[in-house]
Amino acid sequence: MSQILSAFLLGLRQLGDSRVLAILFKSIAASLVLFVIVAVAGWYAFDWAIGALGLSDTLFAGAGVVREALSLLLALAGLWLTWRIVAMAVIQFYADDVVEAVEARFYPEAAGRARTPPLAEQVRASLKAAGRALLANLIALPFAIALLVTGVGTFALFLVVNGVLIGRELQDMVWQRHHGAMGVAAGGGAHPLGKMQRFLLGGITAAMLAIPGVNFLAPLLGAASATHLIHRKDATANAR
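Following our numbering, the numbering of the sequence shown begins with 6 at its first residue and continues without gaps.
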């Protein structure tokens, strides 16, 4: 756990760097644009679906207002679910920039050995990450609804599901630049970080994504922290 906290503190220290700030502003802007698009599309989709199910304007006086209000509530609930997906998809797209900025400051030798994934690969990775997150959260949704009566069960379930997903995505953001070139490849197989380390990394990031304001910083901090964790493990493996 101390390694995880140390990695996050190092990521936090670098937030003042001009390169990191530029990435942060780009990722926030892109996330907000996508967020608005998803919100508007969701509102219209729910409005159409509820109308198709029978709550049309002619059903009773004020039915249209009720339908629109219900659609808005459902869209807002959906936004809580999709924010993590949108934010992580965006930072996955900018992952190479984040990792490169951290490596340039702390791990210059590793930066020199890294490969730069082509744009098509970055877009593909971003879409795959969003697809996996959407599918996993949709599968978890019925169980989350059932756990609403517990008060904390819904949040805990989404935290676990997204902790596993985000931990893997953050690891792969760094790993795609160095796969096969690090010492951890020999000792760690296909996964440079252990399962618990990945889960803690993803869990902390997922928890930050649920906090207003902090959620804008969470994906970038998570990616920076993953970079520190993997390079430190690589240095330890090479020192043996």
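Some hints could be false.
[Stated by the list, open to error] Simulated pairs of lysine to any residue, SDA-like, Cα-Cα distance not exceeding 20 Å:
id	residue 1	residue 2
1	Lys-133	Thr-121
2	Lys-200	Ala-44
3	Lys-31	Lys-200
4	Lys-238	Leu-10
Because the hints were derived from the structure by calculation, they are not lab data.
Going through the hints against the structure:
At most 20 Å may separate the alpha-carbon atoms for a hinted pair to count; Lys-133 and Thr-121 meet this at roughly 19 Å. Restraint check for Lys-200 and Ala-44: not satisfied, since their Cα atoms lie roughly 34 Å apart, outside the 20 Å limit. Our distance criterion of 20 Å between C-alpha atoms is broken by Lys-31 and Lys-200, whose separation comes to about 31 Å. Distance check on the hinted pair: Lys-238 and Leu-10 sit about 15 Å apart at the alpha-carbon level, within 20 Å; holds.
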